[in-house]
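Listed below, chain by chain, are the residues.
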Amino acid sequence: MNIKLFAIAALGAFATACASTPPVDDTAPVRAPDPIVEPDPGPVDTGPGYELGSTAHFVEAAGDRVFFGLDRHDLSDEARATLRRQAAWLASYPDARILVAGNCDERGTREYNLALGARRANAARTYLISQGVDPSRVSTTSYGKERPTCMQSSETCWAVNRNAATTLVGGYTN
Amino acid sequence: MTRILVLIAAFLALLGWSGVVTAQEPLRVDVTQGNLDPMPIAVPDFVGVSDEAMRRGADITRVVANDLASSGLFAPVDQEAFIEDITNIDLRPRFSDWRVINADALLVGSVTIQEDGRLVVGFRLWDTRLEEQLLGLQYRTAPENWRRVAHRLADAVYERLTGETGYFNTRIVYVSEGRGIEGEPIRQLALMDQDGANPSFLTDRSYMALLPNYSPSAQEITYVSFLDGQATTYLYNLETGRQEALFASGGAGAASQVDPDGQSLSARFSPDGSELAVSIETRSGHDIHLFDLRTRNLQRLTQHPADDVEPSFSPDGERIVFSSARGGGSQLYVMDRDGSDVQRVTFGSGRYTTPVWSPRGDLIAFTKQIGGQFALGVVRADGSGIERILFEGYFVDTPAWSPNGRVLLFTRGEPRTNGTRYEIWSVDLAGFNLRRLATGGMASDPAWSPLIE
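Protein chains in written order, with the numbering used here: chain A, 337 to 510; chain B, 88 to 540.
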């Protein structure tokens, strides 16, 4: 495990400790990459709680989406950094499988945007593979402009909606 | 008459179109004239001997007058102005009574209900100035088909007065748009008559359905479904309700050639209905494919690294227009049906998408995006690059031709505080007669059926 991964694991442990009632099920094996020193569960009641290997953990540790310029499907430096964190996270959860969905702003025609969304998803997928993620773990889809996260007709919203969003679809902790 | 001819000539000159139009008929409306001078037509309530027949006659009259008015080429005269009370359509009207209220044409009709319940609908179309009958027809039909008869009657009147085939006895499939309880997008296919009557849903709210297209027989549609989690081309039989995914991964035949993650998009029928042109995604991008509906053979027509999408056949089936980013920005290209002889047909700045070949063959409708605005336009298919803009606005998408190639439906979007509002609008080929289609709520992606037999 390299230093970066260790840092992520430590961050996860810290976040778990923040939960007022750590959601541990005694009857089921806990999925975790390495033995983690369980901090003293003191009366801390602030911050979100999530399990290691969960979607929330993935979002917190890596970031689940990368953003694109107007009418573009090439990756910015910031997008590459996010995808490298995603690849690192996936390396520590080797059973996890992901779906990368390409999204577009509403300022384009429908089929054009479905194609553009696919380009964005594939750009992210190709980069993840270049960072060591096995291709069989990464599927893609395009929602075009059909699933915007921001509904207003403004440039701020459109920029948010131009993304490739990664979701865990298997081999992760619910 | 002279006045109409002058207008036609002026209009053709305006468009830069060659050819001389000579009007042989006493009354003639040129469809390219737009709404510069709609022809006044009087349509008294169709007569009937029983109360039931009279009610049905009034219903049919309303549908016919609405059809004619919606074309922008006819102006039904207010019934309040009528002088003569038509009671028998087999008697010659008092033409002076109709001329004095400026009705150039007079449409009278009757409804008879037979003992078996069937309707007999007859009509006569008169030229009030020449005092001549232009057309007289009779239809017999099951009572529930009264709207179909009304539309066919309106088509007959339109055809007699314009020389063009009508488009009123048609249906429209479109996407009904909404939002669910949790804000999730709802995109359902819906079907209605051309005038908004008889609406129904074809798909439910559980998955998104987009981009429908009609088969030449009007019995089937293709559309893009998200039932399987990604855009997949479906074939939907409107008579049986049966539907199938054409290119789902892991299937037999054509499906085995498609990458598991490859989406398949809007498929358009060849004019004979035997093939589909469709853009299918591979890892390297989107390419135009030809799919034989009988043999299930899938043939790749384009190989360019840029995305090739939105194919549409020419009416002779020999050529296919599509949009592609191969020249940088998205532009329109035409190729032979085997993928050879690719010619660029648009050259303007901005992004050209959604090409649809006119049923008349000479024009291709498109959406153009430039400077934060959208436009609906037509360009000559011959590569001359001559284009004409019919409508400009905040958002335009998915043009669809009327079966006679004189009217376009399209998705129109306008910004609202809670997001863009989408509706379906129509405009004629001259850029006149802009109207909203009578859909219930938000709507997009119109597909116009052929004339229904």
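These are calculated hints, taken from the structure and not from any lab test. Please note that the accuracy of each hint is not assured.
Claimed, not checked - With beta-carbon atoms standing in for the labels, derived distance ranges:
1. B:R149 <-> A:A495: 45 to 53 Å
2. B:G480 <-> A:C486: 20 to 28 Å
3. B:E540 <-> A:D410: 49 to 57 Å
4. B:A229 <-> A:M487: 33 to 41 Å
5. B:R329 <-> A:V395: 39 to 47 Å
6. B:R522 <-> A:R433: 45 to 53 Å
7. A:P471 <-> B:Q430: 33 to 41 Å
8. B:R508 <-> A:R433: 51 to 59 Å
9. B:A284 <-> A:L406: 40 to 48 Å
10. B:D379 <-> A:D410: 34 to 42 Å
11. A:A495 <-> B:G480: 34 to 42 Å
12. A:D413 <-> B:S436: 56 to 64 Å
13. A:L406 <-> B:E405: 53 to 61 Å
14. B:R142 <-> A:A495: 36 to 44 Å
Said to hold, decoys possible - Chain B stretches covered by chain A per the calculated footprint, using a threshold of three residues with CB under 8 Å from any CB of chain A:
15. 172 to 186
16. 515 to 529
Glycine is no exception: its CB is placed at the ideal position from the N, C-alpha and C atoms.
Structure-based check of each hint:
no., hint, result
1, B:R149 <-> A:A495: 45 to 53 Å, "holds (50 Å)"
2, B:G480 <-> A:C486: 20 to 28 Å, "holds (22 Å)"
3, B:E540 <-> A:D410: 49 to 57 Å, "holds (52 Å)"
4, B:A229 <-> A:M487: 33 to 41 Å, "violated (47 Å)"
5, B:R329 <-> A:V395: 39 to 47 Å, "holds (42 Å)"
6, B:R522 <-> A:R433: 45 to 53 Å, "holds (50 Å)"
7, A:P471 <-> B:Q430: 33 to 41 Å, "holds (38 Å)"
8, B:R508 <-> A:R433: 51 to 59 Å, "violated (38 Å)"
9, B:A284 <-> A:L406: 40 to 48 Å, "holds (42 Å)"
10, B:D379 <-> A:D410: 34 to 42 Å, "holds (37 Å)"
11, A:A495 <-> B:G480: 34 to 42 Å, "violated (23 Å)"
12, A:D413 <-> B:S436: 56 to 64 Å, "violated (30 Å)"
13, A:L406 <-> B:E405: 53 to 61 Å, "violated (37 Å)"
14, B:R142 <-> A:A495: 36 to 44 Å, "violated (58 Å)"
15, 172 to 186, "violated (count 0)"
16, 515 to 529, "violated (count 0)"
Consistency note: the structure conflicts with the earlier hints numbered 4, 8, 11, 12, 13, 14, 15 and 16.
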